[in-house]
Structures are given as structure tokens and as C-alpha cells.
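Participant: Residue-level listing of the chains:
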Amino acid sequence: MSMRIIKKKRKSKEKEFIPVSTKIDENIETLDNIFKDCTDIVAREFRVGVEQNHRMYVAYVDGLADRTLVHDHILRPLALEARLIAPDPGVVKRKLFELTSEGTLSASDIKEKDNLDEAVLAILSGDTILLIDGVSEFIIISTRGWPLRGLSEPPGETVIRGPREGFIETFRVNTVLLRRKIRDPKLKIKGMQLGERSKTDIGIAYMEDIVNEKVLKELENRLETIDIDGILESGYVEQLIEDNWFSLFPQVQYTERPDLVAAALLQGKVAIIIDNTPMTLIVPATFNDFMQSPEDYYERWWIANLIRWIRLFALIISFTLPAIYIAIASYHPGIIPTSLAIFLAGTRETVPFPVFVEALVMEITFELLREAGVRLPSQIGATIGIVGSLIIGQAAVEAGLVSPIMVIIVALTAISSFAVPSYNLNISFRLLRFVAMLAASFLGLYGLVLVVIATLIHLSTINSFGVPYLAPIVSGKMSDLKDTVVKAPFPNLKSRNSFTGEKDKKRLKDWRVDKNGKTVKVVSDEEENSQDIQAKEGIKTLKKPKKVGETKKGGEKDE
Amino acid sequence: MNSEEVKISAFQLGILIIVAVVGVGILTLPRNVVEIAETDGWILILAAGAITIGISLVINTLANKFPNETIIEYSRDLVGYPLALLIGIILILYYVIFAAFSVRIFGEVLKMYLLPKTPIEVINITFLITLIYLIRSGFEGIVRFYEIIILIMFIPYFIALFTGTANLDYSNLLPAFQTSPKVILIGILQIVFSFMGFEAIFLFIPFVSDKKNMKKTLIIVISIITLIYLISTIIVIASFGKHEIKILIWPLMAYIKSIQVPGAFIEQLEGVIMTIWVLFIFTTLGTMYFSSAFILTRLTKTKEHKIFGVALLPIIYILSLQPDNVAQIYDWLGAFSMYAGTLVVIIIPILLLVIAKIRKKGVKSNG
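Chains as they are written, first to last, in the working numbering: chain A, 1 to 559; chain B, 560 to 926.
Some hints here could point you the wrong way.
[As the list claims (entries may be wrong)] Below, simulated DSSO-like cross-link-like pairs (lysine-lysine); rule was C-alpha separation at most 27 Å, straight line:
1. A:Lys503 <-> B:Lys862
2. B:Lys805 <-> A:Lys503
3. A:Lys214 <-> A:Lys111
4. B:Lys805 <-> B:Lys816
5. A:Lys505 <-> B:Lys566
6. A:Lys199 <-> A:Lys509
7. A:Lys181 <-> A:Lys214
8. B:Lys774 <-> B:Lys920
9. A:Lys214 <-> B:Lys862
10. B:Lys771 <-> A:Lys505
11. B:Lys770 <-> A:Lys505
12. A:Lys188 <-> A:Lys113
13. A:Lys505 <-> A:Lys217
14. A:Lys506 <-> B:Lys816
15. B:Lys771 <-> B:Lys916
16. A:Lys482 <-> A:Lys509
17. A:Lys214 <-> A:Lys482
18. B:Lys919 <-> A:Lys482
19. B:Lys566 <-> A:Lys217
20. B:Lys775 <-> A:Lys482
21. B:Lys566 <-> A:Lys503
22. A:Lys214 <-> B:Lys566
23. A:Lys190 <-> A:Lys217
24. A:Lys190 <-> A:Lys214
25. B:Lys670 <-> B:Lys774
26. A:Lys188 <-> A:Lys505
27. A:Lys214 <-> A:Lys188
28. A:Lys505 <-> A:Lys113
29. A:Lys482 <-> B:Lys566
30. B:Lys770 <-> B:Lys676
[What the hints assert, rightly or not] Every beta carbon over 10 Å from chain B, so not counted as near; a handful from chain A, in silico:
31. Asp114
32. Arg183
33. Met192
34. Leu216
35. Asn492
[As the list claims (entries may be wrong)] Example chain B residues on the side facing chain A (calculated, C-beta under 10 Å, incomplete):
36. Phe686
37. Leu880
38. Asp883
Read the hints as simulated data drawn from the structure, not as lab findings.
Small disclaimer: the values here were computed from a predicted structure and weren't measured.
Positions of the beta carbon are idealized from the N, C-alpha and C atoms, including for glycine.
Please take these sequences and the hints and turn them into a complete structure.
Facilitator: Below, the structure written as C-alpha cells:
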């Protein structure tokens, strides 16, 4: 399969070559033709030198380029300061280009190019180009600067404990956020541009010495096959690189949190940073990743365990609860206590529909409410809440259209579905819930079990970038199980996940805990000296943490 | 699928064996052992477990002599093409017929305890269609699925089993050591058939990447199965006593039905256990079904286990509807496991090993 993909690589990689003419007028005409009717392009021709005899030309996009930078570091030095000093005219004539690029310009990021097509892309990316008469090269000065959104906490991924910053829509800021988290030259951010027209900047971030090479290679191959007019959001990329298009389950993780991306990189995963969206993609993504929140690692392990179990429980509830209700109410009332069964039958007495129809109507009503809630302005949102709870909840029950227990079931299901940390996994199970309800209405609990089995089979079959979707659980290695549904105490999480971090397994070297998991007393140098004075017998105390076993004994003897 | 592509660990094959073996047999096991040896039934289970370990080690030794071949290939090497083809066909028939009986028993039990008004045809066909989905996911998918499902199977099973232990009367297990060794020896074979399913290692050992752990894994895994059988049987015997068990069709289900959980949200455990038990049968049948499709791919030297899986569905379905009632199923099943079981589980492996030793075929190994 990979062979086929490589053959299909997009052909448009080679850029069109438009040579730079030595006559500046021709170049200006070419650019003017290209930028015809583009009112946001600012172009200016000016003369440089004591005698004003060198013609130059700058062009940039208004608003995309930092105007003060263009004024202070390009135009001012060239147009004004160059006039004050008069070098030897002969030198100027011969080395005008070198003088300008190496001397006069006071901007830091400068590139020299000879293809006008690149000039066009540079201008549109926010850079400024400088054409000089009589030279068949031009200069690209990096002047990117546009109004940015402030860093704020991502609304979809709030945490109680943890950093409050999130990615924003600017590629460069996002890489900065990442670099600030990992100050290691091994953090590589490979750049590429995707989209025939949008030319969106894409960065592939990974830790060079940890990353799973197969995943990285596969990702690069898949990204190279993308030949699309524009990439407007990470979802475009996600859907074009995922393994299984027909699967209900997300196979690429997205997040707005830099700390989550940094953690994934340290596990050996690969992140795809995309310009114009705060959503960063992480591959490979497994079922386990979608059930975790970065907070799990910030909180102590007891709390993290409790929360993870609650999440798993919530997932099961949101998937199966309406189906269980349908199955019990219509096939197996004997399972629940008799008094409850009688009460249940009593409340359903006035309901004219079968349980399945009742549940379906209520679930669809809830989905309607939810969708309407997303679209509505927040001022009217409260109204919908009241209308929803009053009409759907109370009035429908009083009218005898639905039973009160059904309302409880739907509400519980809805609450549970929001306890799942990732929105896209939540959607998968929302859809499956309807399948489960249908199966339960035909075959009771047996039908439900068949749907659960089929779901598990599907989950066992799919892969994300060659990594099994149920990865850490199905690998058959105990060390991988420490960070799944259960989370072991932090000192025990010493190795990376074997699916992504095979190259460099060790991630935590905690000398305070010896092989048997017992805590060892660590003595600092100063303490050691004072203890030496106290116990002159020469009992070994801990100096180098490597001799953990001995120190334990030594510590005991000290006491 | 071939042995170069798919690799599983010994641990994963161990899980496959556990979920493949524990299935239909456990329902009737307490009655079977009590019929043979009354209250000494537990000795039978231990002895049968030991014999099963022995046979599985024989198969393992055979497999180690031909590291990259399944029984279909190495039997060709040992006894020649016609006989090897015969072994292949016997294995397919064995799996298909067992699968058909298991589906039928499953349908009957489900109908009795969970869905009394649903026609058995509907239960069987929906079950088989879900099985097809499993078969299509291939060997690797199946193994991963088993790894997940084993937790969902056994944790609730043991919780339910031990919930009822408060009311047990352990004096029902007495008197002990009353059965003559002769009776035990004759009866063992019948109980060994409760372990059937482990012969899947005939086919799947070549896919194991760490073959040196295989021996240890087999011993541990079959001991675990023996333990599961032993605990279940002892609890059921202690609950009912030897006389009552003999008149129950499915003593284990009767025991679970008798458990009352006062004050809990779930009043009758049988409904819950039935849903869990669906998984037990599903994994057993999934292995049998996949094995038969897999042997067909090996015999025809193709890789189309998906097509063979679908092609076998009508055969298994029609066969499953042949017996008239539960009593007849167990009559037929008893006779079938007596002959086919003995042939497949005992005669074929030992015979092949002897021939391999005599003709000095295969690579030497410490297995």
C-alpha cells in the first residue's frame, strides 16, 4: 500500500520558474500583472543613493507585514541613511546588491532569491520583497506581523490544575509555545506547505531520538499525497491522513493544549501543527488517548484513577444505558427488583408507544436541544434550557407521552456523554447508542451484547498509523498497562509506551525508589557531612544515588 | 494471512486458549463429573487437566519440530499428501460440527433463560452473523479482541459465582475418595473433552514469536482452565448435592438462577450472567469457526479466509438446526466427541509425534 502512495505523490512540487530580469521595469510589470486587482498589496518604487540614481522597489501585503518594521528597517535605511554616507561610486555600481543585503538593511531575517514566483509567495505570506535595478536577484525580508489573538485557555479542554494557555491561529506562536515547553535541539519541527492555493504552513513536530520512525515516515508519506486546493482547518488534514475512513472512531487526536502536545511528543508521538487553526493533531492516537486528560498526570494518582474510572463508567453509560432500559422494560423485567418493575410498568401505563419509540423520541429531542444550543447566541441559550426542561421534562411526562424514568435515563445519558474528555469519541458513542437501542428493542440484552461485541471487534481491528487502536491494552506487556484505565503512582511510570517510545524506553529515573518499589532515604551532601560527624564509625550513607540498596541499610543503622 | 506477517506473543495465544476452551462445556461439567464419580468429581477434573497438559505438550513438541508450519503442512511431510488431506478434512468437519452443536446449545440456553419467545433460528443466525464479522477481522484482530474480552468475561463471572457462596453446604462434597480408580480412569476421557478447544494450538503455534515461552504458557494456561472448572464444579456440587445435580440439564445455570441478591439493584443474576455467557460462547465459537476457515485457506493455499467464513455460515446454521431437542443434542454431542474428539485430540497428535520420531523428520529442538 505504501508503494502505491509514493507513486501518487503530487507532481506540483516543482515551482514555476519566473526569472528576475536585470531591468527593474520588467520585473515591476510582471508583479503588477500577477497582483492585478489585489488592493491589499502595497508596492512602492523609490530611489537610493546620494545622487538618487539607483532604483529600488518594495512590495508587501498591507496588514500582513509589520508596517513599522518595513518603515524602520527597510525604507528608512535605504532611502534616508544611505544618502548620508557616500561610498565610492565605482564600488556602489558593482556591488550594489551585496551592499544593500549585507550592509544597509537592518532587518535580521533576509533571504536572497532569483525566482519571482517565490517572491509572490513571500509577499502573500507577509514578507517584504526588495527589487533592485540592474540585479537579477531580489531580497526577501521577513516582516511577518499581524494582529494576534491573545493566548487564552481553550474552552473545550479546561482543567482545574494545569497551564492556562492554548494554541492560537498563528503557526509561529504555536511553535513558540511548544519550544518553550521542550528546550531540546532534538525537538524537530519540519516545515512544509499544503494546499495548492492556500499554501498553508504545516509543521511536523517530533523528538528525534524517541519518535517511532515508522509512524513518522508513514505520516510524511501520507501528507505528501495530499493534493487539495486549500487547508482551512486541522480537520482537512485529519480526514485526509486517517487510516480508516469508514470507521466511526477518531484515529487522530486533536488538541489546543501545548502541554498535551508536549507530553505526546515526549511519549514518542508526532504532532502536526497547522497554520490558521489552534487545533494541533497528534498521531498515532489510540482509544486510551481519547479517554485521558492532561490533568491525569498533574493530579496525584488516587484522584487520577478515580477520575479515569468515572470516565470509563460514563462512556459505558452513554453507550448502553437507554439500550439497557429498553431491554429490561420490554424483555427482562425480572432482572430488576419486583417493586421497581411494577412501578416501571405503572408509569408506562399512560404512554401510548413501545419503549423503543419512547426512548428514540426522547433521545432525538435531546440531540435537537444540544445542536440548537450550540448554534444559539448565549443570551438565548438560557431560554432553550428552560424550554427544554419544562416542555420535554415536565409537560411531556404530565401529558403521559413519556414516562418519568425515561426522562431520568435520557438526562443521565446526556450528562455521561459529556464526561468523556474528547468530543469526537463522544460523538462515536452517541451514534452507536442508537444502534444499541435498535438491537435491544429486537433482541433484548442479547441484542445489546451483540452490538457491544461488534463494537469491540471493530476497535480491535482498526489501526492508527500502524499502531493498534486499543494499543497499550492489547500489547500483552504488563509495563504498558500501568497507564491505561488504571494509573500507577508516578514513580512507577518509568518507561514509555512500547508502541511509540521503543527507541528510548526510559523516561523517569527515580533514584528515590529502589527496584522493589520501596522508598529510599536520600541524603544531600551537607546532611551527609553532619551525619559523618555524628557517626564516625564509617557507616556508608547515601552519596551517589546509584547505590540504592546499600543506603537503605545504612539509613536504618543510623537511626 | 500467512505466518510471516502476523506475529503474536505466547501470552496472547494463552489468552486465546483460555477463552476458546471455557465455553459450552462448563454448563454441563458438574453434571458430567457427578454422573461418573459422584462427589469425587473434582479428582476427575484435576486428572483431565493433567492429561490435557500432557497432550498439549505433545502438540507443542510437534510444532517445534516444524517451526513455521501448521499441522496441515507438516502432516503432509510426515504421512503423505492423501492422509494429510484426510487429517485436514477431519479437522474441518470436527470444527464445523462442534460449532454447529455449540450454536444450538447456546440458542437453547439463551431461549430458556433470556429470550423465551424469540425463535431459535433468529438467535442462531444473528449470532453467526456477528461471528462472521469477527472472522473477517483476521487472526490479529481476533487475538486483540480476546485480550479485551477476557476481562469482561471472567471478572463478572467470578463475582457472580462467589456471590452465592454464603449459602453453600460443603458437606455435599463428602464422602471423598470413594470412587474406584478404575471408574476414574474410564471417566477421564469424557472429561478431557471439556478441555477441547486447546487443540487450536495445532494451527496457531507457528504465529507465536517467542516460542521458547510456549511450554510454560501452555502449562499455566491449562492449569488456569482446570482451576476455573474446579472452582465452578465444587461450588455447584456444594450447592445442590450429587442427587439433585443429576437431574439438572445445566447445573451451573441453575445455581446462578438460585442466587438472590437482596437489596441490590439487580435482583436476579441469571440475566446478567446470561449476557456475559454470550461472550464465553462467542469466543469459543469464534475460534472454532476461524480455525475451520483457516484450515480451508491452508488446504487451498489461498488467503481468502473471509470468503470461506461466509461460505461455512449456511452449513453451520443448517447443521445447528438438525437435532430435535436438547436431549438429542447432548446424545449426538456425546457420541461425536467420543469418536471425533478422541481422534483429533489424542490419536492424531500422538501418532504424528511417533511418526516424526521414527522417521526423524523436522528440526531438533529442546521443546
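Participant: Work down the list of hints and note, for each, if the structure agrees.
Facilitator: So, going through the hints one by one against the coordinates:
For the given pair, A:Lys503 sits about 34 Å from B:Lys862 by alpha-carbon distance, which is inconsistent with the 27 Å threshold. Distance check on the hinted pair: B:Lys805 and A:Lys503 sit about 60 Å apart at the alpha-carbon level, beyond 27 Å; violated. With a CA separation close to 34 Å, the supplied pair A:Lys214 and A:Lys111 exceeds the 27 Å bound. For the proposed pair B:Lys805 and B:Lys816, the alpha carbon gap of about 17 Å is at most 27 Å, so the pair holds.
Among the hinted pairs, A:Lys505 with B:Lys566 is consistent with the structure: their alpha-carbon atoms are about 22 Å apart, no more than 27 Å. The suggested pairing of A:Lys199 with A:Lys509 is violated, with an alpha-carbon distance near 44 Å, which exceeds 27 Å. Of the supplied pair hints, the one linking A:Lys181 and A:Lys214 holds, its CA atoms being roughly 25 Å apart against a limit of 27 Å. Our distance criterion of 27 Å between C-alpha atoms is met by B:Lys774 and B:Lys920, whose separation comes to about 21 Å.
Proximity of A:Lys214 to B:Lys862 is assessed by CA-CA distance (about 26 Å); at most 27 Å being required, the pair is judged to hold. Using a Cα cut-off of 27 Å, the hinted pair B:Lys771 and A:Lys505 holds, with the two alpha carbons roughly 24 Å apart. Between the alpha carbons of B:Lys770 and A:Lys505 the distance comes to roughly 24 Å, so the proposed pair stays at or under 27 Å and holds. Only pairs whose Cα atoms come within 27 Å are accepted, and A:Lys188 paired with A:Lys113 is accepted, the gap being roughly 25 Å.
Among the hinted pairs, A:Lys505 with A:Lys217 is consistent with the structure: their alpha-carbon atoms are about 20 Å apart, no more than 27 Å. Annotation: proposed proximity of A:Lys506 to B:Lys816 is violated, straight-line Cα distance about 51 Å (limit 27 Å). The straight-line distance between the Cα atoms of B:Lys771 and B:Lys916 is roughly 20 Å, inside the 27 Å bound, and the hint therefore holds. The straight-line distance between the Cα atoms of A:Lys482 and A:Lys509 is roughly 16 Å, inside the 27 Å bound, and the hint therefore holds.
Restraint check for A:Lys214 and A:Lys482: satisfied, since their Cα atoms lie roughly 24 Å apart, inside the 27 Å limit. Simply put, B:Lys919 and A:Lys482 have alpha-carbon atoms about 47 Å apart, too far for the 27 Å limit, and the pair is violated. Annotation: proposed proximity of B:Lys566 to A:Lys217 holds, straight-line Cα distance about 22 Å (limit 27 Å). Using a Cα cut-off of 27 Å, the hinted pair B:Lys775 and A:Lys482 holds, with the two alpha carbons roughly 24 Å apart.
Restraint check for B:Lys566 and A:Lys503: the C-alpha separation of about 20 Å stays at or below 27 Å, so the hint holds. A threshold of 27 Å between alpha carbons decides the hint, and for A:Lys214 with B:Lys566 the separation of about 18 Å falls inside it, so the pair holds. With a C-alpha separation of about 12 Å, the suggested pairing of A:Lys190 with A:Lys217 holds against the 27 Å cut-off. Restraint check: the Cα-Cα separation between A:Lys190 and A:Lys214 comes to about 16 Å, which is no more than 27 Å; the hinted pair holds.
Only pairs whose Cα atoms come within 27 Å are accepted, and B:Lys670 paired with B:Lys774 is rejected, the gap being roughly 40 Å. Only pairs whose Cα atoms come within 27 Å are accepted, and A:Lys188 paired with A:Lys505 is accepted, the gap being roughly 19 Å. Proximity of A:Lys214 to A:Lys188 is assessed by CA-CA distance (about 16 Å); at most 27 Å being required, the pair is judged to hold. The straight-line distance between the Cα atoms of A:Lys505 and A:Lys113 is roughly 44 Å, outside the 27 Å bound, and the hint therefore fails.
Proximity of A:Lys482 to B:Lys566 is assessed by CA-CA distance (about 23 Å); at most 27 Å being required, the pair is judged to hold. A threshold of 27 Å between alpha carbons decides the hint, and for B:Lys770 with B:Lys676 the separation of about 49 Å lies outside it, so the pair is violated. With a least beta-carbon separation of about 51 Å from chain B, A:Asp114 lies farther than 10 Å from that chain, consistent with its non-interface assignment. Consistency note on A:Arg183: stated as away from chain B, and its beta-carbon is indeed over 10 Å from all of that chain's, at 39 Å minimum.
Every CB of chain B is more than 10 Å from the CB of A:Met192 (nearest about 32 Å), matching its label as outside the interface. For A:Leu216, the non-interface assignment is confirmed: its Cβ lies about 22 Å from the closest Cβ of chain B, beyond the 10 Å cut-off. Separation of A:Asn492 from chain B is adequate, the least Cβ-Cβ distance of about 21 Å exceeding the 10 Å criterion. Checking B:Phe686 against chain A by beta carbon gives a least distance of about 7 Å; that is within 10 Å, so the hint holds.
Hint status for B:Leu880: violated, given a least beta-carbon distance of 18 Å to chain A, over 10 Å. Residue-level restraint check for B:Asp883 is violated (minimum Cβ-Cβ distance to chain A is 23 Å; threshold 10 Å).
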